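What follows is each chain in one-letter form.
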Amino acid sequence: MLNQWIPDPLWLGIAQAAIALVLALLVLLVLLVTIARFNATTGTTAGDRLGQDTLMALARGLIQIILVGLVLGLLLDQALWTGGVMLLVMMTFAANIAQRRARGTPGAFGVALVSIAGGAGSVVALMTWLGVIEPTIASLIPIGSIIVAGAMQSCGQALDRLQGEVRAHSAEIEAGLALGAAPSTTMAPFVQAAMLASLIPRLDILRSLGIVWIPGIMAGMILGGIDPIYAALYQFVIMALVFATATLTVCLTMVLMQKHFFTPAEQLSAEASPSTRG
Amino acid sequence: MPVKQAAVILATQGLGRQVGGKTLVDAIALALHAGEIVAMIGPSGSGKSSLLRLLNRLDEPTSGTVLLWGEDYRTLPPRQLRSQVGLVMQQPYLFRGSVADNIRFGPRQRQMLLDDATVDGLLDSVGLTGYGQRDVKHLSGGEAQRVAIVRTLANQPHVLLLDEPTSALDEASEQIIERVLVGYVSQQQAACLLVSHRPEQVQRLAQRVLSMDRGHLTAIEETMEHIYAESMDP
Ligand SMILES: Nc1ncnc2c1ncn2[C@@H]1O[C@H](COP(=O)(O)OP(=O)(O)OP(=O)(O)O)[C@@H](O)[C@H]1O
Ligand SMILES: [Mg+2]
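In order, the protein sequence lines correspond to chains A and B. Residues in the first sequence are numbered from 596 upward in steps of one, following my numbering. Residues in the second sequence are numbered from 15 upward in steps of one, following my numbering.
It is possible that part of the hints are untrue.
Derived contacts from chain B toward chain A, CB cut-off under 10 Å, selection only [stated by the list, open to error]: (1) M103; (2) F109; (3) K151.
Derived CB-CB ranges, DEER-like [said to hold, decoys possible]: (4) A/T640 / B/K36: 20 to 28 Å; (5) A/T637 / B/G197: 52 to 60 Å; (6) B/E185 / A/A631: 51 to 59 Å; (7) A/I658 / B/V33: 52 to 60 Å.
FYI, nobody ran anything at the bench for these hints, they're computed from the structure. Bear in mind the structure is a predicted one, so any value in this text is a computation, not a measurement. Quick reminder that beta carbons are idealized off the backbone N, C-alpha and C, glycines included.
One chain only, chain B, in its complex shape (with noise of 0.2 Å):
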């Protein structure tokens, strides 16, 4: 099936962000679409982050604006769109306490309670099994990351943004995480953008790829999907 005729999750108008006369992002225009992971790569300081940011509603468009399931999402509450719209920063940061308790915030505050089970099956998912009761301050990077990704999983978005995720990993753990992610997407029909800078991760993971640069999507290209398919094989 192609990509482009699946339905229409996420997308922008327009949308743009200056701060103190320099631009940071310029003029985007981007859809995501239910069940794809979608690549973003370019130079340091190109925007990539910030676009993570605008999308998630962290930082305000100054032009522009997002579509959510074709609602403008300045009318919604920003708490439920951020629930719907998971971000992973580049550096995540985690909350003192135990892993369980970073894992259960995000549903506690739409007054969810998870369960153990659901908690361990999470971490099991990433390989952190076990580590529930562990204090956040004695992680590694790398678990650190792990953690706060599966934390934002814990909200089960309908868009999932991630900033360079696999960057403090090894490579097994890396791995492990991508088959979360492709999991994840193709389970709950998520769409995925995902900042890499690993051109092997954008050609195991990515449908499409996009290029930013001083602030602009630059390029657009198409990869095939059974390259993703064939680098999962063992």
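Just chain A, same shape as in the assembly (with noise of 0.2 Å):
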């Protein structure tokens, strides 16, 4: 319908992602409105500032992503290292944005960038250097991005459960340090927990790739009028990259970030266990 009235690309593109941001600022309305109603009948304040993060959140996605846009135009003819330096750039955001996900262990930055930047940074690398991901700027970026941001939400996912299982178990783990063990066996089965809850849902992703799911580099691709079967491949190529990325990463944040749970004196720290205590 749009592009009858619309011929020009730009203001086609404009007009499009206004309708989707009308589309998403109704749903949220909808939804606020029920939070407020459930709110008023239990006394509760939960997610008031719920309205105002995904107001931000939206317009920092809109403005990043022109942006981004903009430097992949500018990039396209330079040299493949500018490519390499943009993906670590990203990757520093990224493990700014997963780190919250630890909400104020220290270290967490740093165990975010080293996880994201081992995972994610490796596979590109590698795959670059094979020729799977081809060595230009114009397909290093998008993929690179790709597989970074599959590094976020695992080393995120990793942070967060990692954190709730130590919250949750804090008892346990001192019993095991209170008997002479170290921070580590005391961990173990909560970090094995947390390894298998954070890549169950990379697993699902790859079980319902085609089928609930077709994902946009391959919608892309077979759009841009390239053979649907080597678009299909390609596709399953870079799942099977992010599910690598994602299960390296998760493992990097796990043995990095247990001992941050820790005093120097294999004490369990105040952040990781705000609990009351008998």
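With the hints in hand, could you dock these two chains into one complex?
Below, the structure written as structure tokens:
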């Protein structure tokens, strides 16, 4: 409908974005009203920052993606290393976002940065060298960013789960410490649980590939006139890379984050266990 | 023999801990001697558990320190310290798995594997004969508390810190535990600090009584050793 009225692609894009934005805002409004009603009956204040946060996130997302489009346009002719630098910048931002899920546990940013850079960086570098990712900016940046975004999600999830496990099981961890166990020994069952919990969503995504979900790259390639079978194979390649990255990132996060829940004297630190003690 | 002449195993020097401006315990000076059981009483929230956590170094002192065998405990590796200064918490937490796994846990941290006979012996001593292979999920509160106590004893600590160890036990089990404690302390010449809300228990077990009030040890009363000796006779 729109493209009959607006032939210019830039204005068409703006109109499409505006309509999508209106839809998101309408849904948000419904959600806010529901939450407000719930809060009115229960006297709670849950989610009263949600409206503000969502608006900020939408605005931020829009501005960021437009900037990226502009930068990509400029970068297309540049040397490959500029793409590498861009990915590094992305990883830094990704680490900063993932780090928030650790809710103030010190050292989380460093852990997130090393885990994301270690997971996403090694996969992207290896695959570019092997030629699975074409060594051009035009493919390095979009594919790299998908992989970095996956690493960010996995890292955030891992931090969140690990923190949750530690808080829920501080009594058991301290019981182990009190008997002379190493922090890593007391953490082992919870690290394992957190690791599984942060990888299972990734497995579900792989399982549902193509059936519940036809992902963006494949859709884009087919729209761009590329052989659907090649598009499908390439989409699988990307999903497999994202999965490998997620696993690497989660493992790195677990290994590196553990010790930050403890003081140098091997005590559970206050951030890790604000719970009451008997 | 007067208790005070026995060797001092653990002593504190101006020990205190503040958290966010709140003083949990302050200027604690106490000494625990080989072979003695010292009781600590005091109202709820007075800082008894907080003090025990400091002695086992599960929390860090914000002032003063603890001497173990005359050495500042901050110079010891924490794991070694904690296996020597055993703490049974007020709400003991058993690890998932069998009763025997729990009892072997402490020694295993030092690459020692307790054999079945030792595990069975420990369980026998607290009236839990044949419980080794049971899943801790199905233990009653009192059984779990007894497992927690022998789990700490399995480390053979020099100092035993007990936070209301018999609160979940009936009279018969309480007596068994008391007998085990008295036996352990005299056999190993260990020192025991026992938090208890029960005056009769304090009378039965303790050679000395400390009283905690709002973070301070406010009173030290001597009790007669023979009171304990008499009450142990059936
Ligand atoms: N980490 C902490 N941060 C702040 N306050 C704490 C902390 N741990 C304990 N407290 C407070 O310190 C006080 C002493 O607590 P503690 O558990 O040592 O008391 P208690 O003498 O063992 O009491 P009870 O007999 O009920 O077990 C309480 O008011 C408690 O709420
Ligand atoms: Mg207490």
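Outcome of the hint check:
The closest approach between the C-beta of B/M103 and any C-beta of chain A is roughly 6 Å, which is under the 10 Å cut-off, so the hint is satisfied. Hint status for B/F109 relative to chain A: holds, with the closest Cβ pair at about 7 Å, below 10 Å. Because the beta carbon of B/K151 sits about 14 Å from the nearest beta carbon in chain A, more than 10 Å, this interface hint is broken. Checked against the given bound of 20 to 28 Å, the beta carbons of A/T640 and B/K36, roughly 27 Å apart, stay inside it.
For A/T637 and B/G197, the hinted distance range of 52 to 60 Å is satisfied, since their beta carbons lie about 56 Å from each other. Separated by about 57 Å at the C-beta atoms, B/E185 and A/A631 satisfy the suggested range of 51 to 59 Å. Between A/I658 and B/V33 the C-beta distance comes to about 43 Å, which lies outside the given range of 52 to 60 Å.
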